[in-house]
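Chains W and Z, in that order, give the protein sequences. Just so we're aligned: 287 in my numbering is position 152 of the first sequence, and the numbers increase by one with no gaps anywhere. Just so we're aligned: 129 in my numbering is position 128 of the second sequence, and the numbers increase by one with no gaps anywhere.
Because the hints were derived from the structure by calculation, they are not lab data. Quantities reported herein were computed from a predicted structural model and do not represent experimental measurements. Hints are supplied without guarantee of correctness; some may be wrong.
[To be verified] SDA-like mimics (lysine to any residue), calculated; alpha carbons at most 25 Å apart, straight line: (1) W:Lys381 - W:Glu521; (2) W:Lys207 - Z:Asp48; (3) W:Lys381 - Z:Pro87.
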Amino acid sequence: MRDFNVVTLGEPDSGKTVFMAAMHEMLGTRAVDDAHHRVFVRAPMGTRSSLVRTYARIVNPDIDWDPGTDRKVYQEVPFTVVARGLDQTLADLFRVRYVDYSGERITTEWMDEKQERFERHLREAHGVLVALDGAKVLSLLERQELGRRYLHEDLKMVLGAVRETTARAPVHFMITKWDLFERRRIGLGFVKGELLKASDDLAGVVGSRLRSASPTATMRLVPVSSLGRDFVRPEQSEDGYLRMFKTGGRVRQLNVDVPLLSLLPDFYATYMDELGAGGRSGFKRVLRRWHKRAGEVFPTVGRAAGDVTAERVTEGKELESYVERILLKSLVDGLMSRFGRRPDPQDVRNEVVRGLPNNVQLAVQAAVQHMALRLEAFEQAYPESELTLEDLDDLARTMEPE
Amino acid sequence: MTGGTGWPVLVARGVHTGISPLLMPHPVIEAEQIGRAMEAVQGGTPDGTTRVARISWLPGDWTLLSRTSPALDRHGRQVRDRGSRPVLVSEGLLVSGVTNPCTLAPDAQAALADTTRRAYLQFLSDERRYPAPAPSEPLPLHATRFDHETAPAEPDTPWFLPSRWFRPSAQPYPEPTTILLLTLQGTPKP
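Go ahead and model the full structure; you've got the sequences and the hints to work with.
Here it is, written out as structure tokens:
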């Protein structure tokens, strides 16, 4: 099973810990209980207990907010993403390693042993989630001093950390505390436009990542609320900050599953799209390049692809995991249908999964379909969520002097 | 029994500023180990229980006494950060020349508490201008050996809350533990 390192980047109090606990609540607790949910996550017992305890404290209206994560905390949180078939067959798809850390690690100048581990995790990340603090983004929109400070300090630091990650790693942005925007009926399209307009750094990072990514890779701006507007009541304080109070109302999470579900198709899509590009010679050329370049990231799939090129895929003895082969095929199927490509006469996808257990194939396919449908539903609800080069072109046009 | 020197350490968040080294001992700054010191002094439950640890990342014999507690402003109100979360302060005393378990006498506690409180309030009043890390002034200490069973009972002084290390053993004949009581030099013994 492949491991993906995912790093959530955000300054202190941007909502990273709450987001992780809420995501685990949705995908690691409620999704497990829901037999119709085709994907859920499983964490080791100790990690799960810690996340459940954190979540329980957060949603208990009688307990104050937890203090910020202290610098001593550096917790790797491994989630195994599990597919569940209609007949309840389970298949482990891949493992995601998140890191919970104090946001000061992004802004610190003081080194310790954990800082080195954090920076290594950052450089080796296969996927990046950037947490944009909704409260601060809102102050930016409202032209407050706090917003201006966010733009020139916190956001700059966080985007600096994004630049430390490899250019190939997919990046998604999430706006935390989205309930604040819902209360004011502010739409995502407006927030996206204002953010890109206000921050040259953000526009720069988005542009450079989109240009270096596969043409079909998707970069998302995901509005997220870990607790929902009924549970949290914001109040403007004298010092200009929004103070959050627990109301004891119902907790309603919004889109906390989307960032994680976005990542897997992204990981594979980048490579699979290259695979599907061009004719057979192009296919081979891309495979060679891909095999060489992605060997470290995706050794198993890399080997599978090598086998496909050599037309040697029969029993797949060299492969570590047949689940990955099924996943590979399911994702290619999804990509081909998404981009309207007809199957190649020499298409070898069926060969990739030949001889593998049918129930596992069905479980993985159901999971991939589930993820695709969830993302589709999200895109329909938030059509402005995709960050594109056209957004930047539009921005450039509006900024041009007349 | 012996003499020694203790340097106050203070690590805390402010309202706007993230975790910062507000007071750091000169030897830590010299050795460029501020990150390690921040890590060492933080943590634990914010109930004021004292933690005592040997320090290996400075040459020589060093012991760090530390505790974490809620941050209070000059009106005694709980400080909260931008995200409405309660802020904690981690304060400690880095003691040179001591390797035994030790605890602070009320005079040393008071001196430390006064130093860290003044520094924190100064930081709160203007977080951006605070010169972190500010070097801390050393406190000359006197170490006296005593048994924890006969330690002065000071229930209102949080530094005397028993940490796990000092808890009396459940064994019928526990091994005697040498604990050093650190007082300010020149202060009459209690």
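For each hint, the structure was consulted:
1. Using a Cα cut-off of 25 Å, the hinted pair Lys381 (chain W) and Glu521 (chain W) is violated, with the two alpha carbons roughly 32 Å apart.
2. Straight-line distance between C-alpha atoms of Lys207 (chain W) and Asp48 (chain Z) comes to about 17 Å, which keeps the hinted pair within the 25 Å bound.
3. The straight-line distance between the Cα atoms of Lys381 (chain W) and Pro87 (chain Z) is roughly 14 Å, inside the 25 Å bound, and the hint therefore holds.
Hint 1 alone, counting from the list given before, is not met by this structure.
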